[in-house]
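Protein chains in written order, with our numbering: chain A, 1 to 621; chain B, 622 to 1072.
Treat the hints with care, since some could be wrong.
Taking lysine to any residue pairs in the SDA-like style, the calculated list, with each CA pair at most 20 angstroms apart, reads [what the hints assert, rightly or not]: (1) A:K555 with B:K698; (2) A:K481 with A:Q451; (3) A:K417 with B:D1062; (4) A:K555 with B:A692; (5) A:K511 with B:P1033; (6) A:K547 with B:P693; (7) A:K562 with A:Y617; (8) B:K1030 with A:E514.
Hints were generated in silico from the structure; no laboratory data involved.
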Amino acid sequence: MKYEVIVVGGGHAGIEASHIAAFKGHKTLLITMNKKNIGDMPCNPSIGGTAKGIIVREIDALGGIMGRIADISHFQIKMLNNSKGPAVRSLRAQADKITYPQNMQKELENTPNLSILEGTVEDLIVEKNSVKGVVLADGTKIESSMVILTTGTYLKANILIGSESTPSGPHGEPRSNHLSDNLKKYGFTIQRLKTGTPQRIKASSIDFSKMQPEYGDNTYWTFSFDNPPAYKINEQQKCFLIYTNENTHKVILDNLDKSAMYGGFVTGVGPRYCPSIEDKLVRFKDKERHQLFLEPESLYYDEWYLQGFSTSMPRDIQERMVHSLSGLENAVISKYAYAIEYDAIDPLQITPSLESKIIRNLFTAGQINGTSGYEEAAGQGLIAGINASLKLEKKEPLILKRNDAYIGVLIDDLVTKGTAEPYRMLTSRAEFRLILRHDNADLRLREYAHQVGSITERQYQNYQNRLQKIQEGEKYLQETKLKITPEIKEIFEENQKEIPNITDSLYNLLKRPEITMEFLEKILEIPIDNQTKEELEIQIKYEGYIKKTYKEVEKMKKLEEKMIPKDIDYQKVKNLASEARQKLEKVRPISVGQAARISGVNPSDIAILSVYLKKEYSKDE
Amino acid sequence: MDTTIAAISTNSIGVGAINIVRVSGPEAVEIVSKIFTNKKFKNAESHTIHYGFIKDGDNVIDEVLVMLMRAPKTYTKEDVVEINCHGGNITANKILELLYVNGAVPAEPGEFTKRAFLNGRINLLEAESIEDLLEAKNENARKMAINGVSGKTTKLIQDLREKMVSLLANIEVNIDYPEYIDELQITKENITPVLTEIKNELQKIVEESENSKKIKNGINIAIIGRPNVGKSSLLNALLEEDKAIVTDISGTTRDIVEGTIEYKGIDLNFIDTAGIRDTEDTVEKIGVEKSKKILEQADITILVLNNNEKLTKDDKKLLEKIEKQKAIIFINKVDLDSKIEDLETSKKILYGSTKTNRGLDDLKEEILKSFSLEDMSYKDLSFLFNTRQISLAKQALKSINHVMEENQKDIPVDMLAIDIKDAWENLGKIIGEAYEEELVDNIFKRFCLGK
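Let the hints inform the model, and build the full structure from the sequences given.
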């Protein structure tokens, strides 16, 4: 049996990778340890969040499925950062941990060209630095032209609770014992990473009356650009906000030596953005309280997720910690918090297309590349799936630039800078975040998706229709002038806004900071749909800032377009500083732009490199 | 090449008749057109010459000829503009500064040639020598990063950046972790005092730097007065040589006469001007106009008055004129009878005589004092010396001013962050300390977040 693409692992990266490869018509096999765990959410019960919500939109724009499955599997959704400006708005949904994986599994089962097999991959078939297939734990060999590894946290995983360390994947699933050793044998640098997850609490044991509820939005939202909302606003579930207190802090500080972290039992590097509660107390001594959130995991069982309380304390201390919280005095802990350590590869050993530099036709995506988060994994999985397919089709890979998408920023950061801790996306990592918005993900990416064949005709048509609506809307706003009648004058005065000139178009009025679309609609009916209005308002109101960002993009692009030949010998480039030479050899950037982002490569090195490239490689002129 | 570069391409030491300021890059024409009065210039054909004035706002800097050479038939194969201005350091530097303020960046050594090569204008052989140049630059660049800015200034800028990054990290935390409502939420109101503080400190750095630049480049001092009060004699006495023609006939000095002395380690560049008065004589009129221009560009002005005469109408006009600028009044000829009446002025008055050299040291001392440079041995020669550093600091200040304006208009915080970040990054470039992960590191250092 020979496949065109084999995907190893059924997490969020594996799902997108296998789905898109099959969608593009390639015979694909997804190998997972347990079919029932495909699309599982082993940590937080949510999809999206700041920056991450935008990644989900990008995945949808590019033909991925995370967005539309989340749309039919959540019980609360809200737009974050509404007041902080258009660049940083992002959706977050509380996804149901039962229905989300179920819907995912259904989706994959109904995907033509895709087969699913239960098994544990422990080795690769490699010939002449080229992957030819995989070897399962029972010795079975399966051949494939392309292999995508999306092994998550399963490589040599250890579960840590207090000083107790158990070799195991999440949920007590078996781990992969040999794959990472084999990868090491082929020349991969393996690093040990760590992440953690907090306690789950029985709903029936929680006194919610002592807690502050948090609601979903009163506006309908979807991640997907193609489907209408599938939920009812008033049927959304609540989450709750609580705080740690003096007693909590005392329990923790008195028992610090028992924590795995402070007791010195952990060897993996944990992420800074996901510190354990004991870490927070030690590092921020002056804080009187820390915020925690209680989120329901599912409508079909009664466990709640205690966000913010991740810890590596032993069970008895965890009991005391949880019971010190207001409303959780009698709480029953159904799952204790644990940390998990696992093997990952050094992402400097992969290219921007997510193909390995060491073994041809082998791609990696998700936590194996050193990232954290469902959305980050899914974004990479999608790109790995698209690029493995494009390679089969003998086409150039899809490499998203930093000004195209958060997914582009994510991959560029990984393959250019590497990572010493699980990498989480933040809006602050995107220097062009003003143009990488929630609202324009389709405008940014659907054209690419169409070119590489990762979306349906209907999806492309939806995008074209939207483009047309935006153009028409813009024309309308430019051509429509506000008639200044005495009544309108009064409305302006009442709202303490400057009275417009009779020649002002709606377009020009919107440029004024104090005039919003919402305000204009009090005066006249604007025949444009809400989505288009949002898009236009942002484009018009922040035109100055957007233009400035594009100017920066142009600067970057010129360097980005200067490609570095794959066979360049950095030893031959005279006068490079030795640190720069080493880094360039390790990363082997594809463009001068990428080279410039490597830490330790200075502008003078870039000048030398540019001169060298011009001299050696340009035949014309 | 993405940036537009500018530099003085003639040797500007001494008193050449003409200086050329060269600009190259995609925005060369755009930038020059912002400071050049000739409106036809911007859309004119390539390889043409244009006459007009370089202006800083309403203030005329110089009368110039501007050569327009559009890509690709230029030295760098980019758009090139060359401004032919009058000789002397002050004018060319002022024009250069204006170009920087309007978006050009200082050209690095050999950069015009480097561009010429990269754009395929010159050949391989020539390129070898550029590589050598780059090598030298590479070494220098490293040394520069260490020695370019003194410890004290570095500390000042670090402190300022610290304030900015703490503000930025706070904004970023509000954005990336909106659910953490316990953290300080940045608002229009609470951001204002922090911004004001940053702005004031930045302004101080810029001002002090301009002062410090004088330590290096010297102080430009214009000597003015109506004809025949002894301006040229004063210059001669100060220079201890007969550079200016001294006669008793009014209106003799029709050209500008310059001379430099070193006093307590600082160059004092004296510029003697034609006597300023209402005149019908054409040649003299030109001299008078020139004097007025120099007066506007000088760092400080010495107004010379005659102790032996009553104040004339011209004297009074000049007294009024210097009220608005940095100036010292020197009452000459105290060896003769005092006929001058009491002055109504806020400026410091010194008395002396160019015949007996009385009061000259006081005058030099007073000049240093007015730039707070009198006690050089105790003064830390810190601050930003070169035009590039000062222009970076100025850009940072511009960004902060913009943030403050926009904040008043209720612009959301994600937009404000753009300009604050700009300012922060520009300051980072001065001390060469910026690194990419700096902001993210700060977010996690300063705030307690996570699952």
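Against the structure, the hints come out as follows:
no., hint, result
1, A:K555 with B:K698, "holds (18 angstroms)"
2, A:K481 with A:Q451, "violated (40 angstroms)"
3, A:K417 with B:D1062, "holds (14 angstroms)"
4, A:K555 with B:A692, "holds (18 angstroms)"
5, A:K511 with B:P1033, "holds (14 angstroms)"
6, A:K547 with B:P693, "violated (26 angstroms)"
7, A:K562 with A:Y617, "holds (11 angstroms)"
8, B:K1030 with A:E514, "holds (7 angstroms)"
Against the hints set out earlier in the document, violations occur for numbers 2 and 6.
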